[in-house]
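Everything in the sequence shown is counted per this note's numbering, starting at 1 for the first residue and increasing by one.
Note that these hints are calculated values from the structure, not bench results. Please read all numbers here as calculations on a predicted model, not as lab measurements. A few of these clues could be false.
Claimed, not checked - Capping the alpha-carbon separation at 25 Å, the derived lysine-lysine pairs in DSS-like fashion look like this: (1) Lys125 / Lys353; (2) Lys353 / Lys408; (3) Lys125 / Lys352; (4) Lys287 / Lys125; (5) Lys108 / Lys143; (6) Lys125 / Lys108; (7) Lys287 / Lys352; (8) Lys125 / Lys191; (9) Lys124 / Lys287.
What the hints assert, rightly or not - Here are the computed distance ranges between Cβ atoms for each label pair: (10) Val104 / Ser45: 17 to 23 Å; (11) Leu337 / Phe96: 39 to 45 Å; (12) Gly348 / Val111: 37 to 43 Å; (13) Lys124 / Gly12: 16 to 22 Å; (14) Asp3 / Phe290: 29 to 35 Å; (15) Leu135 / Asn69: 27 to 33 Å; (16) Lys143 / Met186: 20 to 26 Å; (17) Gln313 / Asp101: 19 to 25 Å; (18) Pro409 / Met186: 42 to 48 Å; (19) Arg105 / Arg19: 27 to 33 Å; (20) Leu44 / Thr87: 47 to 53 Å.
Using N, Cα and C, we set each Cβ at its ideal position, and we do this for glycine too.
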Amino acid sequence: MRDLLVLALLLGGSLYGLRAPWVGAMVWTWVSLASPHVSIAWSLSSLPAGLISAACTLVGLLVTRERQNPMLGASMWLLLVFVLWTTVTLPFSFHFDSSFDLWVRSIKIWVMLFVTVALIDTRKKLDVFVWVCVLSIGFFGFKGGLFTIATGGGYRVWGPGGFIGGNNEFAVAMLMTIPLLRYLQMQMTNKWAQHFMTIWMLATAAAVLGSQSRGALLGIGAMTFFLWTKGKGKFKSLILIVATVFLLLPFMPDTWWDRMATIGTYQEDESAMGRFDAWGMAWQLAKDRFPFGGGFMVSTRDVFAIYAPTAQQNRAAHSIYFQILGEHGWAGLTLFLAIGLTAWFRAGQLIKKLKGQPDQQWAADLVRMCQVSLIGFAAGGAFLSLAYFDMPYNCVAMIALAYAIALKPQMAAHSKTVPGLSESIKGQGPAPG
């Protein structure tokens with residue numbers, strides 16, 4: 001029954017995407033983030049769900065009139081340049097075949113993200129996009145939280161597969177989902193719905209702790225500090241944070257406390273020292289192969305033998321920053337950082353522009369929570385090879401879309417006062433910048 005329901009949602013949503021391609025884009029997002037045909041309906045593991053949803057969406061995109069220019073601001077332009085740069089670095093890969101496979105996988109995500117942005121032109125569609133992202137990760141986060149509480153944190157919580165199959169990667173994905181859950185809660189008026197969202201956030205936070213990820217713990221600290229410094233009612237927020245900590249931490253066993261304690265004694269941790277070897281290798285590689293780096297998948301023995309000969313073994317980069325640096329060089333790292341920074345400042349600009357406009361505060365709420373998610377990714381991702389995961393790019397897209405949709409009435413009003421401007425912006429988002 002479960003498998004039939006998943007199959008109906010996948011095929012029905014994809015086929016409906018021929019008529020309403022934005023729905024097909026939502027199905028693609030679900031498949032890309034959660035792989036429900038594998039993680040939920042195991043008998044459908046051979047179904048090419050991604051291909052079906054993407055094909056229907058692209059066909060629908062060609063025939064629909066409800067589309068816009070996806071280049072909404074500097075962050076989207078920088079993302080396009082970054083995508084092109086990874087294509088430029090591909091021929092310089094040490095191992096072209098394995099690099100090509102990861103490039104294809106990443107290109108699919110980025111191309112479909114641009115398609116999704118082109119198809120989302122209303123607040124309703126944008127909220128559905130947020131819901132799909134939240135449900136894709138939050139479903140497993142809710143389950144993982146209940147599992148953590150039921151077992152007293154005695155077992156680790158693992159992800160559904162793909163980029164977030166590991167416990168550390170899944171922890172960061174859940175961490176990024178919590179602020180989006182908070183955004184959805186802020187838009188609700190029903191008290192019972194709000195209470196359920198609180199339970200959902202607490203369960204997801206418990207699952208993050210249950211993953212026993214040290215990087216995620218640092219991400220929690222960074223996100224909490226940002227929320228406290230930027231939020232209203234700092235004393236109430238502090239009380240809530242302390243209460244949450246005292247509510248969840250007692251469930252964690254001695255093994256969890258022992259693992260978290262290694263953050264302060266990293267010199268004695270073989271895993272931590274191995275990450276330093278991987279970071280040093282990426283640094284030396286980027287300097288030697290300026291500006292292209294070594295292409296995708298450089299964490300192999302032969303590459304380590306050249307650039308980290310004293311390392312005891314080859315390891316993945318275990319850092320989004322050193323991963324990009326080693327694979328795409330200094331130019332790639334600059335673009336990667338610029339995407340996040342421009343999205344961050346774009347969100348800040350929108351928050352300022354919407355002050356005194358209560359009917360558009362939903363957009364300010366969304367971009368503020370996206371900022372929190374990006375902080376979680378920036379902090380937790382510092383210790384994980386998660387540079388090509390969908391969620392941070394989805395958050396960048398949400399910020400760009402919220403800016404375009406929330407300011408659309410102002411742009412329309414302004415266009416009436418400037419001859420010829422109305423036609424020039426018709427069907428377009430805001431100018432790059």
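Structure versus earlier hints - violations, ascending order:
4, 5, 7, 9, 11, 12, 14, 18 and 20
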